[in-house]
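Keeping the supplied structure of chain A fixed, place chain B upon it in accordance with the hints.
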Amino acid sequence: VTLVDLLDRLLAGGVVVHGHITLAAADIDLVDLDLGILLASHDKVAGG
Amino acid sequence: MSVLVYGISERGERPVGGPGLQQRPLRGVYADPLAAIVSDHDDAPPRTVETLWEYEQIVERIAHLHTMIPARFGGLLDDDEAVIDMLRTRREELLAALGHTRGAVELALRASWQQAPEPHSQTGTGYMRARLELRRQAREIAGELVPLDALARASRCELPARPQQPLRCAYLVDREAVRDFTASIAQLDQQLSGVELVCTGPWPPYSFADGVAE
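Chains as they are written, first to last, in the numbering used here: chain A, 1 to 48; chain B, 49 to 262.
Since the hints were derived computationally from the structure, they do not count as laboratory data.
The structure displayed is predicted, hence computed values, not measured ones.
Note that beta-carbon positions come from the ideal geometry of N, C-alpha and C, so glycine has one too.
Wrong hints could be hidden among the right ones.
Derived CB-CB ranges, DEER-like [what the hints assert, rightly or not]:
(1) B:Thr173 with A:Leu3: 31 to 41 Å
(2) A:Leu3 with B:Arg109: 26 to 36 Å
(3) B:Gln70 with A:Leu3: 17 to 27 Å
Quick partial rundown of chain B residues pointing at chain A, CB under 10 Å, derived from the structure [said to hold, decoys possible]:
(4) Ile56
(5) Pro63
(6) Leu74
(7) Tyr78
(8) Arg95
(9) Trp101
(10) Tyr103
(11) Arg120
(12) Leu124
(13) Asp127
(14) Glu154
(15) Arg216
(16) Trp251
(17) Pro253
Here chain A stands alone, though its shape is the one from the complex:
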């Protein structure tokens, strides 16, 4: 299972129950943005 598929589903799919989630309108670019942040975070964890 790849990370991009996970992000596509958890951050751009699913029922939106929270009014402040903004990913629904323009999911692709924002998911990409999240991917960068998350990968950076993950690398930091892995390296630290």
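This is chain B only, laid out in the frame that chain A set:
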């Protein structure tokens, strides 16, 4: 204290339980016939890769026991009243989604170029022409995947803006048809030249949570 929503189900005979994120116990919040599966948290869960994987594993565990449409990660509401209000307000939409996805799982399919193209050019016009050509090729690949639609309950495909990845699709497939479906993908992967098909899943039906049949 806020309430994190993992998904929407119908009130059933099986009790909701077990650990959620950060080992907070899962419980149900009910507005008949719907149930939201939740856990209580002081703060929003951190948006880290580890937390996302943990969330997905919890959702899969719940989906194994209950018919459920998953919630987007981070669905935090103020209290049970807000959850009940959401269930009541969106009752028809949520019931439609549950009916549409019952007994099915989601399979993700991504196509990637075997040799990653980079539409570089000396001029802006040349760059745009190269991008358009990649787009045309991506549409051709999408056409090759049409036979998969007949094996799925619903499908959604999009051509991402990224030139490296021409196509990504989600298929809602009956549980008992997953093996045939993945065999068909493997066959298509053999037939198509220049692209590689990667299928992941089965996932809970994240991409079909709006209940709209396609």
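To see whether the hints hold, each was checked on the structure:
| no. | hint | verdict |
| --- | --- | --- |
| 1 | B:Thr173 with A:Leu3: 31 to 41 Å | holds, 36 Å |
| 2 | A:Leu3 with B:Arg109: 26 to 36 Å | violated, 20 Å |
| 3 | B:Gln70 with A:Leu3: 17 to 27 Å | holds, 21 Å |
| 4 | Ile56 | holds, 6 Å |
| 5 | Pro63 | violated, 22 Å |
| 6 | Leu74 | violated, 15 Å |
| 7 | Tyr78 | violated, 15 Å |
| 8 | Arg95 | holds, 7 Å |
| 9 | Trp101 | holds, 7 Å |
| 10 | Tyr103 | holds, 6 Å |
| 11 | Arg120 | holds, 4 Å |
| 12 | Leu124 | holds, 5 Å |
| 13 | Asp127 | violated, 13 Å |
| 14 | Glu154 | holds, 8 Å |
| 15 | Arg216 | holds, 7 Å |
| 16 | Trp251 | holds, 6 Å |
| 17 | Pro253 | holds, 8 Å |
Hint violations for this structure: numbers 2, 5, 6, 7, 13, all remaining hints satisfied.
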